[in-house]
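Using the sequences and the hints given, assemble the complete structure.
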Amino acid sequence: MNEDIKNMVEKLLYKNNRSSRFDISQHLVKDVITAGMERTLSTGNWDVKRFKMHRKGITQIVTRLSFIGAFGAMTKISPQFEKSRKVSGPRALQP
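Under our numbering, the first residue of the sequence shown is numbered 1169, with each subsequent residue one higher.
The reader is advised that the hints may include incorrect statements.
Within a straight-line C-alpha distance of at most 30 Å, the following computed DSS-like cross-link-like pairs (lysine-lysine) qualify [what the hints assert, rightly or not]:
hint, residue 1, residue 2
1, 1217, 1179
2, 1198, 1179
3, 1224, 1198
4, 1244, 1224
With beta-carbon atoms standing in for the labels, derived distance ranges [as the list claims (entries may be wrong)]:
hint, residue 1, residue 2, range
5, 1197, 1219, 19 to 27 Å
6, 1211, 1180, 33 to 41 Å
7, 1178, 1237, 52 to 60 Å
8, 1239, 1179, 47 to 55 Å
FYI, nobody ran anything at the bench for these hints, they're computed from the structure.
Ideal placement from N, C-alpha and C gives every residue a C-beta, glycine not left out.
And the structure:
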């Protein structure tokens, strides 16, 4: 998205007609961020192309069969580090 905006601004500013005032809000696509967030929340996959990051299972569907079941599903924790990364154990942190 940033690269597209940069290219568009360069094209508009290097044209011969610079007498008109430049307003970037007229040239932005409004639904890019909204569509990305909707896709992320609906699929549960988080893709960040800039950092080449792909995470699965960020969001999960909460089953509301009972209050206790929904509350238990919301208290689950999933670690957000990669499996291939070397992680110190809890006892190895202190010398």
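Inset, instruction - Compare the distance between the alpha carbons of residue 1224 and residue 1198 with 30 Å, and conclude whether the hinted pair is satisfied. - result: holds (26 Å)
Inset, instruction - Take a look at whether the Cβ-Cβ distance between residue 1178 and residue 1237 falls inside 52 to 60 Å. - result: Holds, at about 54 Å.
Inset, instruction - For the pair supplied as a hint, residue 1198 and residue 1179, confirm whether the alpha-carbon distance does not exceed 30 Å. - result: holds (20 Å)
Legend entry - Restraint check for residue 1217 with residue 1179, where alpha carbons must lie at most 30 Å apart: Holds. Residue 1217 to residue 1179 sits at ~24 Å (cutoff 30 Å).
Inset, instruction - Starting from the hint 47 to 55 Å, judge whether the C-beta atoms of residue 1239 and residue 1179 obey it. - result: holds (54 Å)
Legend entry - 30 Å Cα cutoff - pair residue 1244, residue 1224: holds (16 Å)
Legend entry - Satisfaction of the hinted span 19 to 27 Å by the C-beta atoms belonging to residue 1197 and residue 1219: At 22 Å between Cβs, range holds.
Legend entry - Outcome of range test on Cβ distance (residue 1211, residue 1180; 33 to 41 Å): At roughly 35 Å between Cβ atoms, residue 1180 and residue 1211 fall inside 33 to 41 Å, so the hint holds.
Going down the numbered hints, you'll see the structure goes against none, and every one checks out.
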